[in-house]
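Given the sequences, and given the hints that come with them, work out the whole structure.
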Amino acid sequence: MPKLAIVFGSSWFDQHQLLQGIRSVLGTVPIAGVSTAGEILPEGPVSHTCIVMLLACPGLSCSVGLGEAVDRAPREAGQQAAFAAIRDLRGTPRVGLLLFGDGLVTTYGDVVRGIQEVLGTSALIVGGMAGDDLRFTQTFQYANDRVVSQAVVGALLGGSVKIGVGIEHGFAPISKPRRVTRARANVLYELDQQPAASVYEEYFGAELVRRIKHEGLTRQGIAYPLGVQSEASTRWLLRNVVAFSDDGSLSCSGEIAEGAWLQLMIGSRELALDAAHAAAQQAIQSIHHIACVLVFDSALRRKLLGAEHARMEIARIRQVVGQTTPLAGCYTYGEQAPFGAASIYERTATQNGAVLVVALGS
Amino acid sequence: MIYLVLFIGIAATLVVTLAFDWSPQAFGMALVLAASLVVLAVKAELSRRQAEAFRRRLDELDRLRAAYDQLDQQAKLIIRTDFELHQTQEELDRRLASLMSLHQLGRQLQVSLRPDEVFSKLDATIVTNFGFSKGLLGLCPSLDAIQWHSLVGVDSTVAEQLTAHLVESALLKHILMNPAPTTLRAAAVINPAQRKLLELLGVPSVVVAGVIPHSGPAGCLLVGRAGIGGVNPKADEELVAILANQLASAVENSALYEATWTAQRNLEQKVQQRTRELAEANVQLLRLNKAKSDFVSMVSHELRTPLAAIKGYASLLASGQFGTLGKPQGERIEKIEKQADLLTRLINNLLDIARIESGRVTMERRPIPLEDLLSGVHDLVHPQLQAKQIRYTVDRDGVTELLGDAQHLQRVFLNLLSNAIKYTPEHGAIRVALKRDGGSVLASVSDTGCGISTEDLPKLFQEFYRANDAINQQVRGTGLGLALVKRIVEAHQGQIWVRSEHGKGSTFFISLPAT
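Keeping their order, the protein sequence lines are chains X and H.
Going by the working numbering, the first sequence opens with residue 170, and the numbers climb by one from there.
Going by the working numbering, the second sequence opens with residue 12, and the numbers climb by one from there.
Among these hints, one or two may not hold up.
Said to hold, decoys possible - Example chain H residues on the side facing chain X (calculated, C-beta under 8 Å, incomplete):
(1) 91
(2) 97
(3) 136
Unchecked claim - Covered stretches of chain X (chain H as the covering partner; in silico rule of three or more C-beta atoms under 8 Å from a C-beta of chain H):
(4) 292-305
(5) 338-349
(6) 470-476
Unchecked claim - For each label pair, taking beta carbons as the anchor points, the in silico distance ranges come out as:
(7) 223/X x 249/H: 41 to 51 Å
(8) 226/X x 111/H: 34 to 44 Å
(9) 458/X x 75/H: 49 to 59 Å
(10) 75/H x 437/X: 22 to 32 Å
(11) 437/X x 67/H: 57 to 67 Å
(12) 95/H x 213/X: 21 to 31 Å
(13) 42/H x 361/X: 51 to 61 Å
Don't read these hints as lab results, they were simulated from the structure.
We put the CB at the ideal spot given by N, CA and C, even for glycine.
Set out below in structure tokens:
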């Protein structure tokens with residue numbers, strides 16, 4: 170009997186019918202999952218499909234929790250999901266939480282804090298944020314029999330299973346570093362005491378920024394994320410700009426801390442492929458026997474890589490994790506994983522533009 | 012400057028020392044003063060040098076900062092160029108994916124057998140590969156009706172609203188009458204009907220196109236894009252035009268296929284009808300043929316009795332029992348006898364044919380020693396061969412026996428040999444050859460006679476057919492011999508055919524099963 174079904178469904182389907190179909194086959198198996206911006210099979214990326222991965226092993230315990238209204242009360246939503254998940258897993262050693270969230274919500278810092286208040290700050294939290302094939306209108310999360318939006322779903326894994334995590338983005342800084350002089354949550358107001366948008370304009374040109382804003386390319390067109398680097402870390406945390414405000418501020422896909430250094434990043438296909446390889450290596454480092462691999466890959470990377478290189482990226486991961494290892498994944502609007510040693514992100518952070526490889530095994 | 016102060020200081024120390032007349036106290040004080048001045052001078056010199064080094068470092072830093080800013084400027088250039096390149100690459104990827112989709116769609120459309128099947132081929136993969144997020148393809152039976160067959164990213168309620176709007180606003184008519192695709196963009200559209208179309212679809216940009224084969228408007232295609240940026244509307248229109256043309260060709264082909272299929276089905280039905288009619292006619296013919304055979308058989312039987320009487324009385328008259336006949340009477344009686352014999356042969360042959368046709372005669376299948384069969388036949392024709400001094404040869408080629416009915420097969424060979432002798436001139440040659448041919452025995456009778464004309468060949472085995480040649484005009488025959496031979500051979504599951512060239516003789520072939 171499978172302990173958990175992880176579902177990656179295309180947003181093209183009628184989501185309720187999709188889940189009903191899966192449920193009609195799986196019976197009472199707990200379900201957790203998200204709608205995607207593309208699905209990943211061992212053979213490579215696909216679109217308009219539904220992937221179901223079943224986890225089953227004697228030492229594994231799973232329970233699924235749901236937290237709603239992430240946009241209005243993120244912290245409470247995180248707590249709600251963690252409570253629901255932990256309730257059914259009393260007495261079993263906890264290994265980690267697979268987190269699935271709404272990719273259009275930017276407040277995951279608070280969600281994670283909410284979860285950590287229940288599970289403890291040392292709990293491993295990994296996962297991906299739902300996509301909708303780059304339409305950016307509505308994403309879906311699956312929790313057992315429910316299809317929801319603006320929600321967070323946590324699948325708590327317990328028992329003797331081990332989770333290996335590897336996350337890399339492969340983007341390199343290209344601009345001069347700027348100090349974040351004013352920011353609140355995910356809104357970036359000032360860089361070096363100047364309006365953030367004006368700095369952005371400096372690099373892209375006023376005309377191009379006007380076009381980007383006017384033509385609605387903000388969210389889907391730019392392959393130049395912002396790289397945020399705290400004093401304590403040498404790694405860059407990537408953030409996408411999701412909206413330009415009239416007051417010159419930029420809304421980003423995740424939290425940005427004041428005082429951090431910020432640089433514009435640039436990606437290349439080769440660096441992206443190397444990053445996938447490195448992430449896969451990190452993930453399997455501590456796993457002796459790999460049972461299966463989950464891949465949460467940024468939708469931004471799929472655009473950057475193009476069809477041929479996106480296929481090569483999955484091939485690179487398979488080279489590392491083994492050609493016969495079961496592998497499933499999806500393209501996401503955000504990747505959740507521990508981030509370096511940066512204390513300001515409480516060890517775990519929602520990242521963008523990254524490829525997250527999660528290896529389950531023993 | 013520092014050296015001037017040092018010089019003045021030392022000079023002042025000397026003056027003080029001299030003024031105090033080299034007293035030890037004054038000398039000591041002067042010495043301390045001089046040392047302090049020296050230290051001061053050295054420190055001042057060091058400071059000067061440090062300041063100079065600092066100034067040089069500052070210059071260097073300024074240069075570095077300028078270079079850094081320059082690099083940052085270059086980064087800006089790189090980003091802008093990279094952005095443009097990225098967009099071009101994306102557009103190229105999109106075009107490539109679109110073309111691949113068009114190719115795949117083309118292959119699918121080739122096997123679309125009905126026009127409505129063509130309109131159900133638009134799927135999510137094609138729409139997204141084209142870079143769109145929504146798509147509708149419908150069949151238009153008239154200029155004011157749509158039946159949507161493909162809906163991508165649009166539910167049936169929206170599709171119904173779109174149908175009503177397209178028909179009411181006459182947009183559909185415009186789309187179906189206009190062969191080129193049109194892009195409607197929220198930013199540029201001023202027509203309220205067009206704006207409502209975009210609102211219903213929930214997209215800022217849509218390309219509309221008619222599917223118009225040569226036979227007239229057939230359908231309507233709408234594809235909408237969630238974002239409006241980063242794409243060239245002209246390129247979109249080109250792709251949609253190719254797609255619409257491909258669909259139009261497929262509609263034409265499927266209509267053609269449907270017409271061909273219908274025609275073929277009609278033809279098949281006609282063939283079946285004709286076959287039925289022919290089968291019925293055949294049954295009727297068989298019935299008639301049997302009636303004919305029965306009739307011939309009956310008539311022949313009825314004729315034989317009076318004919319026997321005629322022959323009998325003629326023989327009695329010829330024997331002189333009723334008085335001696337004069338020469339003219341004798342000749343007439345002889346003619347009566349000859350004609351009566353001919354008539355008897357004719358009737359016998361007719362009876363045999365009728366019997367074989369009606370299946371009343373069963374052919375025995377027994378091994379017949381070839382030697383016996385051929386020598387029996389040879390005995391019968393020997394006088395004629397002698398009379399015309401014809402060379403007669405037999406080539407058995409290892410064949411020792413035939414399988415069949417001895418009496419009937421003898422008639423076959425007798426008939427063929429009699430014919431050969433009849434048509435072979437004096438000193439000619441006749442050859443009977445036999446050989447094994449797989450599971451059959453192939454027998455042939457060749458002569459060096461006058462041969463048979465090409466026009467006579469196909470009719471040779473018909474009843475009462477007699478070739479129109481000089482010999483037939485001299486020699487009387489029934490015209491039933493070869494017809495009878497053919498019936499006998501076929502009753503043995505064999506075949507008979509002839510090869511002949513006018514003036515060069517003929518060869519009759521008989522193939523008989525050997526097992």
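- prompt: Close enough to count: is the Cβ of residue 91/H nearer than 8 Å to one in chain X?
  reply: Residue 91/H check passes; min Cβ-Cβ to chain X is 6 Å, inside 8 Å.
field: residue 95/H versus residue 213/X beta-carbon gap, inside 21 to 31 Å or not
entry: holds (28 Å)
task: Please count how many residues of the region 292-305 of chain X have a CB within 8 Å of a CB from chain H and say whether that reaches 3.
output: holds (count 4)
task: Identify whether the interface hint at residue 136/H stands, where standing means a beta carbon of chain X within less than 8 Å of its own.
output: holds (6 Å)
query: Is 41 to 51 Å a correct range for the gap between the Cβ atoms of residue 223/X and residue 249/H?
result: Given range 41 to 51 Å: holds, Cβ gap about 46 Å.
message: Taking beta carbons only, do three or more residues of the region 338-349 of chain X come closer than 8 Å to chain H?
response: holds (count 3)
- prompt: Is it true that the C-beta distance of residue 75/H to residue 437/X lies inside 22 to 32 Å, as the hint says?
  reply: holds (27 Å)
- request: Apply the coverage criterion to the region 470-476 of chain X and chain H: a residue qualifies when its Cβ sits closer than 8 Å to a Cβ of the chain, and three qualifying residues are needed.
  value: holds (count 4)
message: Does the beta carbon distance between residue 42/H and residue 361/X stay inside 51 to 61 Å, or does it fall outside?
response: holds (59 Å)
- request: State, for the Cβ atoms of residue 437/X and residue 67/H, whether the hinted interval 57 to 67 Å holds or is violated.
  value: At roughly 39 Å between Cβ atoms, residue 67/H and residue 437/X fall outside 57 to 67 Å, so the hint is violated.
query: Does the Cβ pair residue 226/X, residue 111/H satisfy 34 to 44 Å?
result: With Cβ atoms ~41 Å apart, the hint holds.
Residue 75/H and residue 458/X - C-beta distance against the hinted 49 to 59 Å: holds (53 Å)
The structure fails hint 11 only (numbered hints given earlier).
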